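Novice: If you want the building blocks of each chain, they are given just below.
Protein chains: 2
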Amino acid sequence: MELLRVDTLEEAREKLYRAVGEEWMKIREVPLEEALDKILAEDCFSVLDIPDFRRSMVDGYAVKAKDTMGAGENLPVFLKVIEDVAIGTEACSKIVPGTCAYVPTGGMIPEGADSCVMVEYCEAFDETQIAVYGAVSPGRNIVEQGEDCKKGSLLFARGTRIRPQEIGALAAEGFTSVKVFDAFRISIISTGDELTEPGTDRERGQIYDINTSALTALARKHGFVVCSRRTVKDEYDTLKRTVQEAMCTSDMVVISGGSSKGKKDMTAQVIDELAAPGVFTHGLALKPGKPTILGVDEQSRTLLIGLPGHPVAAMAVFEMLPVWLYQKLTGESKRPAIPAILQGNVPGTPGRKMLLFVELLPAQEGYLAKPVFGKSGLMSTMTRADGYAVIELNQEGLKTGEPIWVQVF
Amino acid sequence: MELLRVDTLEEAREKLYRAVGEEWMKIREVPLEEALDKILAEDCFSVLDIPDFRRSMVDGYAVKAKDTMGAGENLPVFLKVIEDVAIGTEACSKIVPGTCAYVPTGGMIPEGADSCVMVEYCEAFDETQIAVYGAVSPGRNIVEQGEDCKKGSLLFARGTRIRPQEIGALAAEGFTSVKVFDAFRISIISTGDELTEPGTDRERGQIYDINTSALTALARKHGFVVCSRRTVKDEYDTLKRTVQEAMCTSDMVVISGGSSKGKKDMTAQVIDELAAPGVFTHGLALKPGKPTILGVDEQSRTLLIGLPGHPVAAMAVFEMLPVWLYQKLTGESKRPAIPAILQGNVPGTPGRKMLLFVELLPAQEGYLAKPVFGKSGLMSTMTRADGYAVIELNQEGLKTGEPIWVQVF
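Respectively, the protein sequence lines represent chains A and B. For the first sequence, numbering that gives the first Met the number 0 assigns the number 0 to the initial residue and increments by one for each residue that follows. For the second sequence, numbering that gives the first Met the number 0 assigns the number 0 to the initial residue and increments by one for each residue that follows.
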């Protein structure tokens, strides 16, 4: 067990990434309708031209553009209508000079036609002919075959987060399922003799357990599956047994609590004992988040994380490590951060990276970021905030007017 | 049925809002663990001081700050330890000058103490006394009763979106459930003789139905419940019956398709017939999104929406109307938009508000927004985009270098 010095966030991340390895991620095929917000686990190639026929963008007449040259409001050209293409059917005619075919929006453009005149510019002349009162250029009002997507081209790369529009594009290609990365399966354990569950009786000096609820919600927000959640007393054997049980069903066991001296050691000892080859990070140069412990059991490939007991710190570290790990392993890009101008001076924290909680105040052409101050660990500092900025290690603090990037949470 | 002119987006929203009314929203009490991402339906007041006892922020000794005056590395002061407060229990002693009590992080500060000295600055001197090698000021390392949240104060206002930190704060107060706004219950119907379902055979000229999948995903992304989804042919009676059935179980029936002339009228007629007192918006001055139809059946209080057939336009209008309506009725604030600098010239659209799809390119202190161009209705214009900017009605277009706001989707 390395006890001597804390890791920087980057060191801890690097160790964590190496300890679990790329192959830690499981892949699963899901029906398209369950793919929302999942991350694609493989490159996805187009199997069809989209559209796979030349399609009209308007209700109108498919023509040869050349035939409409010179047509205008007072000088129509006359074309013979040789087909009325129904939506969803194949166009059979071949447009030759002097002829045209009616095509509805989304309908197939017959061979020989190179453009479409909107019905608004046409008028029935006799039973077989229309008068066209406007000229079109070639390609007008037509979507070419493969113009939206070419067959065989890369549709979406591995690591793409699937939004509604990706689902639409996959449906257009006829996909009914996709391969996505499995969610992390997480167990959440809160330890502390002072903890009681909300809704139960409480003795003076006890507090309601916050971390179980808050970390469960945070895990779910990021798409993870919470397979068990437990509140336990600060007893070595109970904690060890609970962690062992959780390891059987989880990719990751998160233990929060143990923020006082003796307890910290207990969580570290349990992790060290259950995760061979032992704890590799014991303390993080992060504010909040110092009392963080990491170990990976190589045999069961279970990640064990000891989080700080302070709810705010526990949530911050959860964002910085498990959430980061999922993004790293899936190749997903983070939600874009928001640029803002800092409103207030913020002292640096020598030797530690710091998460600064801020409120975003909309201004003329951007945001002002107002730091939310308060004693560390107060939940209200987090509920009053819209997001956080990361202030780098050893940075000498930030001054009013400096630009920062805010990650919304 | 008003057929003569299209509504601006604002007019359509105003009519929609008036037609459904505030009381359209249903309220439901949900267990705290199901409250994530829901919107609070009532102001939520604190029922407890948080913390409800003076709490130590460190492992240390609760003291009278005055007793530590002048203490330093080479000049300790000596204090008698009169209690060892266990976590989760009531402190019983009363600190008087010359005495102190051990308190772990999160433990209760005994009466009479006004600050806490970290154990790192203390040393056991004999069996009853410690040597203190550092001075503290009053209030140091203590969280005062109610400092995080005062009993009776407004914890969260109606309209607050419940994030993990709100769940944490509610758990701290002992809440096990909260009243939230019910999700919209939506039925999604796609019409079109050209549509086949992904995974089935397809004739030449037919296309896979995109809108059912894409709109379902979009609805779910915004927390709505999709209670039915159907693809139907362009037959008046079938469409009417399908809409009628859907109205029995839904707050809102969304019909997409009917983008060609004859079909548009069909959807409008069905809505006009089923939603007394009839269609109130027929056409929207929005690009994309013109062929939009709105009606509310006053008796069943069901909203009927005819969306454009083009998937991109259908999704855009869904964001602009149902999603907007939910935010309007719940009082929820939108996710913050992202300020960016436009990279490229964009022509305006006389008489229509326009949604411009953009890619966000991170730059030094903010983003460049690169317009994603392409023929209207191409799904790739939406999959390549990170979000959209709204370009106002009659605006003469935008030029490279102008600041815009981008809503990420």
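Hints were generated in silico from the structure; no laboratory data involved. No experiment lies behind these values; they were computed from the predicted model shown. Heads up, a few of these hints could be off.
As the list makes no split between identical chains, a pair holds if one copy fits it or if it spans any two.
Below, in silico cross-link-like pairs of lysine to aspartate or glutamate (DMTMM-like), each with a Cα-Cα straight-line distance of 20 Å or less [claimed, not checked]:
id: 1; residue 1: Lys220; residue 2: Asp36
id: 2; residue 1: Lys232; residue 2: Glu89
id: 3; residue 1: Lys369; residue 2: Asp125
id: 4; residue 1: Lys150; residue 2: Asp51
id: 5; residue 1: Lys374; residue 2: Asp264
Novice: State for each hint whether it applies.
Specialist: Okay, the hints, checked on the actual structure:
no. : hint              : verdict
1   : Lys220 <-> Asp36  : both (11 Å within a copy, 8 Å between copies)
2   : Lys232 <-> Glu89  : between (72 Å within a copy, 17 Å between copies)
3   : Lys369 <-> Asp125 : neither (72 Å within a copy, 49 Å between copies)
4   : Lys150 <-> Asp51  : within (9 Å within a copy, 65 Å between copies)
5   : Lys374 <-> Asp264 : neither (25 Å within a copy, 63 Å between copies)
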